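Participant: Sequence:
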Amino acid sequence: MPVHESAAKRVRQTARRRAVNRARMDKVRKAVKQAEAAIAAGDMKKAVDLVRMAESALAKGGKAGVMSKKAASRKTSRLTKRLKTTAKK
Numbered sequence: 001m002p003v004h005e006s007a008a009k010r011v012r013q014t015a016r017r018r019a020v021n022r023a024r025m026d027k028v029r030k031a032v033k034q035a036e037a038a039i040a041a042g043d044m045k046k047a048v049d050l051v052r053m054a055e056s057a058l059a060k061g062g063k064a065g066v067m068s069k070k071a072a073s074r075k076t077s078r079l080t081k082r083l084k085t086t087a088k089k
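Numbering (the numbering used here), first residue to last: 1 to 89.
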């Protein structure tokens, strides 16, 4: 248990930030999984919409600091690449 008032405040802040970051990261993971599932199923119309939503979620996650901007960019790039290769088939 924290002894000082400021330490107690830091514990509260950290707990809140952790909860917010987890929620944001869950949203990112869910969007990416849905997009990948649609690509794997071959449903191009749905996949295009879900990839767009996943790109948005990844960009927001990178901007918010939940993940690094470069990691978000890399995941976005790989996802769109997968979509394009599947669309060609």
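FYI, nobody ran anything at the bench for these hints, they're computed from the structure. Just so it is clear, the structure is predicted and the values come from calculations on it, not from any experiment. Among the clues, some could well be false.
Label-pair distances were calculated between CB atoms; the ranges are [unchecked claim]:
no.: 1; residue 1: S77; residue 2: A37; range: 33 to 43 Å
no.: 2; residue 1: S56; residue 2: Q13; range: 36 to 46 Å
no.: 3; residue 1: A23; residue 2: R74; range: 19 to 29 Å
no.: 4; residue 1: K46; residue 2: R10; range: 17 to 27 Å
no.: 5; residue 1: K45; residue 2: K81; range: 11 to 21 Å
no.: 6; residue 1: A7; residue 2: D49; range: 22 to 32 Å
no.: 7; residue 1: R52; residue 2: A19; range: 47 to 57 Å
no.: 8; residue 1: A71; residue 2: R18; range: 49 to 59 Å
no.: 9; residue 1: S68; residue 2: K88; range: 27 to 37 Å
no.: 10; residue 1: M53; residue 2: V3; range: 11 to 21 Å
no.: 11; residue 1: R12; residue 2: K63; range: 23 to 33 Å
no.: 12; residue 1: N21; residue 2: R52; range: 44 to 54 Å
Below are the DSS-like pairs computed for lysine-lysine, each with C-alpha atoms no more than 25 Å apart in a straight line [said to hold, decoys possible]:
no.: 13; residue 1: K27; residue 2: K75
no.: 14; residue 1: K45; residue 2: K9
no.: 15; residue 1: K60; residue 2: K33
no.: 16; residue 1: K81; residue 2: K33
no.: 17; residue 1: K27; residue 2: K89
no.: 18; residue 1: K89; residue 2: K75
no.: 19; residue 1: K9; residue 2: K30
no.: 20; residue 1: K89; residue 2: K70
Backbone N, C-alpha and C fix where the C-beta goes; we use that ideal spot for every residue, glycine too.
Participant: Range first: 22 to 32 Å. Now tell me if the beta carbons of A7 and D49 are that far apart.
Facilitator: violated, 47 Å
Participant: Given the hint that K81 pairs with K33, does the C-alpha gap stay at or below 25 Å?
Facilitator: holds, 15 Å
Participant: If I claimed the Cβ atoms of K45 and K81 lie 11 to 21 Å apart, would that claim hold in this structure?
Facilitator: holds, 19 Å
Participant: K60 and K33 were given as a pair; does the straight-line alpha-carbon distance stay at or below 25 Å?
Facilitator: Status holds; Cα separation ~16 Å.
Participant: Okay, M53 versus V3 on CB: inside 11 to 21 Å?
Facilitator: violated, 46 Å
Participant: Need the status of pair K89, K70: alpha-carbon distance at most 25 Å?
Facilitator: Violated, because 29 Å separates the two Cα atoms, which is more than 25 Å.
Participant: Take the C-alpha atoms of K27 and K75, compute the straight-line distance between them, and say whether it is at most 25 Å.
Facilitator: holds, 14 Å
Participant: That 27 to 37 Å hint for S68 and K88 (C-beta), does it hold up?
Facilitator: Taking Cβ atoms as reference, S68 and K88 lie about 30 Å apart, which means the hint holds.
Participant: With 33 to 43 Å as the target window, see if S77 and A37 comply at their CB atoms.
Facilitator: Given range 33 to 43 Å: violated, Cβ gap about 19 Å.
Participant: Could you see if the CB distance from R12 to K63 stays within 23 to 33 Å?
Facilitator: This hint holds: roughly 25 Å between Cβ atoms.
Participant: Keeping to a limit of 25 Å between CA atoms, is the pair of K27 and K89 held or broken?
Facilitator: Between K27 and K89 the Cα gap is close to 30 Å, so the pair fails against 25 Å, i.e. violated.
Participant: Below or equal to 25 Å on CA atoms is what counts here, so check K89 against K75.
Facilitator: It holds: about 22 Å lies between the C-alpha atoms, which stays within 25 Å.
Against the hints set out earlier in the document, violations occur for numbers 1, 2, 4, 6, 7, 8, 10, 12, 14, 17, 19, 20.
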